[in-house]
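Enquirer: These are the residues of each chain, in order.
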Amino acid sequence: MLLETRGLTKHFGGLAAVTQLDMHVDQGEVVGLIGPNGAGKSTVFNLITGFIRPTAGTVLFDGEDITGRKPHAVAATGIGRTFQIASLFPDFTVLENVVASFYLFPRCGFWEALFNAPSYRRKEREIMRQAREVLQLVGLDEARDMPARNLPHGHQKVLNVARALAVKPRLLLLDEPVAGMTHDEIVFSLGVFEKVRAEGITILFVEHNLEFMSLCDRIIVLNFGQKIAEGTSDEVRRNEEVIQAYFGSEDAA
Amino acid sequence: MGIELLGQVSINALMLSSMYILMALGFALLLSIMGVVNFAHSVIYMAGGYICYQFAVVFGVNQWLSLVVATLIMAFLGFFLERYCFRPFFGDPDRTIVIALALIVLLESSVNILVGSYVRSLPSFAPGVLRWRGVSLSVERLVTFIIGAVLMFALILFIRKSKIGQQMLAVAQESVGAALQGINIYRVSAVATVIACGLAAVAGSLMGAINNLNPYMGDQMLVKAIEVVILAGIGSIGGVLGAGLILGTLDSFLPLLLSGSATDAVGLAIVILILLFRPQGLFGHEA
Amino acid sequence: MKTAGLTTVIVLLFALPLLVRQPYYIHTFIITLIYVILVSSLRLVALSGQVSVGHAAFMGIGAYFSAIISKEFGVTPWLTIPLGGLASMAVAVLVGFPFTRVRAIYFSMVSLFGGIMIVNLIRVAKRWTGAAGLAGIPPLTPIEIPGLVTITFLGQKVPHYYFTLLLTLVCLLCLHRLEHCRIGMTWKGVAQSHLVASSVGINEAGLRVLALAVGCFFAGIAGAWYAHYNLVVTPNTFGFLPSIFLVMYMLVGGRDRFAGPIVGTAILVMVPEFFRSLKEFAPLILGGIMVLVVFLMPRGIAGLFDQIGAHRGAPARKEAKNAA
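Line by line, the protein sequences are chains C, P and R.
Residues in the first sequence are numbered consecutively from 1, following the working numbering.
Residues in the second sequence are numbered consecutively from 1001, following the working numbering.
Residues in the third sequence are numbered consecutively from 2001, following the working numbering.
Please note that the accuracy of each hint is not assured.
Here are the computed lysine-lysine pairs in the DSS-like style, where the Cα-Cα straight-line distance is at most 27 Å [unchecked claim]:
#1 K2279/R with K2157/R
#2 K2071/R with K2002/R
#3 K70/C with K2157/R
#4 K2126/R with K168/C
Example chain C residues on the side facing chain R (calculated, C-beta under 8 Å, incomplete) [to be verified]:
#5 F89
#6 P106
#7 C108
#8 R122
#9 E124
No lab work stands behind these hints, which were simulated from the structure alone.
In this text, all values refer to a predicted model and were calculated from it rather than measured experimentally.
Heads up, the beta-carbon is just placed ideally off N, CA and C, and yes, glycines get one too.
Put together the whole structure using the sequences plus the hints.
Expert: In structure tokens, the structure reads:
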């Protein structure tokens, strides 16, 4: 198991956003986290990546307890993530966005940067090379000098992924990576994710889009912060509770 | 502590609190309604005091009338301020700061040119001493407190009960939504600025009579006003009363033990700590 | 083209004392240079998204520390000035950890109060800092180049000018370098989105403390240098209004460009001096300039280039080139 949560719980005041969540993602898998709006999916992401502290429970990454670690420390262990909104450096260009994200590897020291040491220049060249590589992977290399906020929405989403790849993640957490994309853009994204997966990177994502579900090995369904189903795409689609969660029971109508 | 001293310091606390609150209310209005951090509030306070001096001492007008005149002049200036200085820079905090600082420079030099910025003495509005149960209390401070309190409550009443007051509350909470509801946010801003400047002028005149008038009197007061607003919590108009009382009491009682600078430092330390651990202040809603 | 312009300016600056003889004007230039360091260091802190409204206080820490150490213990100012910078930086780190917990306008307000409190504490420490000010600060110790010349500073404006100019150029070089290297880029990233920055492994809180520390180091240097030039320091120089004016110099000059603080400080400090003869009307000129700039130049004076020409992505290409 690459990622595991045990009894993960988060209360906001009186509201239970996530309750006793036990889930796991194995090395090399692509797992989808779905559920109606407000089911707590983004909260789970934030709990795993350290942006929110859990009320109870643990998060384990490759056997290591990373519960409650600061977000930058979580990133350093090899988890990259995108955000649902505001996932870019808006004033930077496309290239700068990615270059700025190559903060961890290689690490540049204060003094070598200040004095423009040869070691620093070497690292910067390396970063530039890798940044261009990532941009080519996601097909944004042509647009690299464009201010990121001028990119069309779909391209911005793809840039998010490029940014997240800069931390050399073993696990990628994608929060609604294709929301708002056109059909063509989604098809393109699927191609990118296949490439990412081929690199051996494990993916956990939150999505609503059914076409995207085809990419998953396994789906976990949340409702009201609790896991209500888990299984392959087919299994989940036929699950009674899942149907009720999404479409409501007759009583509630 | 003797009962005499206690009495005097208590009256001082009330007086100081009310003046802090007048300044803080004006500052808070501008902050929550227009998002303007009005650094120029200090010079409006100062200018109000000096104008009152000009009418009362130089022109020989009745001092209470001078107070009213000074207030009206500064209130009118407020109208001008909102229209030509704040409104053009809605939503641009950097430029709002620059225009506020430009105002400081311009107003300060204007007062210097017109009145001469030496330390001036404004005669007491209500000289004399009141004896109450064997304790002598400064009438002036008592009267200042009463005026301050009356204005405070008048303003709160105005905000709660009047139509424009309600609109001010609405804009303070959500200006876009308020505009969509048909509220003329410019009219609301204008009223808020006029009120804020008027209050500052009153405070400046009253305090100018109790202490001296000097060109830098506003700086200290502005800092206190910001402290009160932060302590209360941005967005909490009512909380300003409580925070003002706390700070005024602190600033009246602490100097018995510490020096002036140390007292200020204590007040600042408290506010900084509050800001760090509870950015929404004592009475505010959300960070 | 750009290097030619820059070289011309530097040559002119070095030639200045030959062109302008009056000691009073030289004094104005010296003060302007010191404030250029100050405001540029303020801008460095602002790069990380934190506008400090208490920066003058850190100038004060450097000034008082260097002044007291050199006066009480007889250490040469050449040593105590860097120490002043370090002292200021140490305080910045100390208050930085709690202060950088809050962001944006709350940080500005905390820095405002912090700055005032620092000055109040300076006043409270009367035993060391003197009641209304500290006088009798030792001047820069003379430099002896054996066989050639001895440079004395006491009462001499011209040597002060040249060394201030050198100091300013060195500081600006460092600040420019920091902004355009990876650290500067990281700071700018943190300013744009601390969430995104955290997600790529940037310890954004730590980076912000670093920005504050480095900025305050230079502020301390500037303050200490000022102390040994002026030979007298008073708390008011480092208080509330001076801090706000520093922010103003930066904003009027233009926050987006490196040259912004330089231009803003130069104009706002020097122009009122040249109109000194107008006496009490002189500040009106200052106010007038500010009004002009704020209405006509939204990005400040240095931002005029961005305002007039279209944003062609030139800075971005330079970043890419620099990183290659």
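Enquirer: Taking only the CA atoms, is the gap from K2279/R to K2157/R under or equal to 27 Å?
Expert: Holds. K2279/R to K2157/R sits at ~24 Å (cutoff 27 Å).
Enquirer: Does R122/C pass the interface hint, meaning its C-beta sits closer than 8 Å to a C-beta of chain R?
Expert: At about 12 Å, which exceeds the 8 Å cut-off, the nearest Cβ of chain R leaves the hint on R122/C violated.
Enquirer: Below or equal to 27 Å on CA atoms is what counts here, so check K2126/R against K168/C.
Expert: Outside the cut-off at roughly 56 Å; violated.
Enquirer: Does K2002/R sit within 27 Å of K2071/R, going by the straight-line distance between their CA atoms?
Expert: violated (44 Å)
Enquirer: Taking the closest Cβ pair, is C108/C under 8 Å from chain R?
Expert: holds (5 Å)
Enquirer: Does the nearest C-beta of chain R fall within a distance shorter than 8 Å of the C-beta of F89/C?
Expert: This hint holds: F89/C lies near chain R, its Cβ roughly 5 Å from the closest one there, short of 8 Å.
Enquirer: Quick check on the hint: E124/C CB to chain R CB, less than 8 Å?
Expert: holds (5 Å)
Enquirer: Against the 27 Å threshold, does the CA-CA distance of K70/C and K2157/R hold or violate the hint?
Expert: Violated, because 53 Å separates the two Cα atoms, which is more than 27 Å.
Enquirer: Should the hint that P106/C touches chain R count as held when the rule is a Cβ pair under 8 Å?
Expert: violated (10 Å)
Checked against the numbered hints listed earlier, the structure breaks hints 2, 3, 4, 6, 8; every other hint is satisfied.
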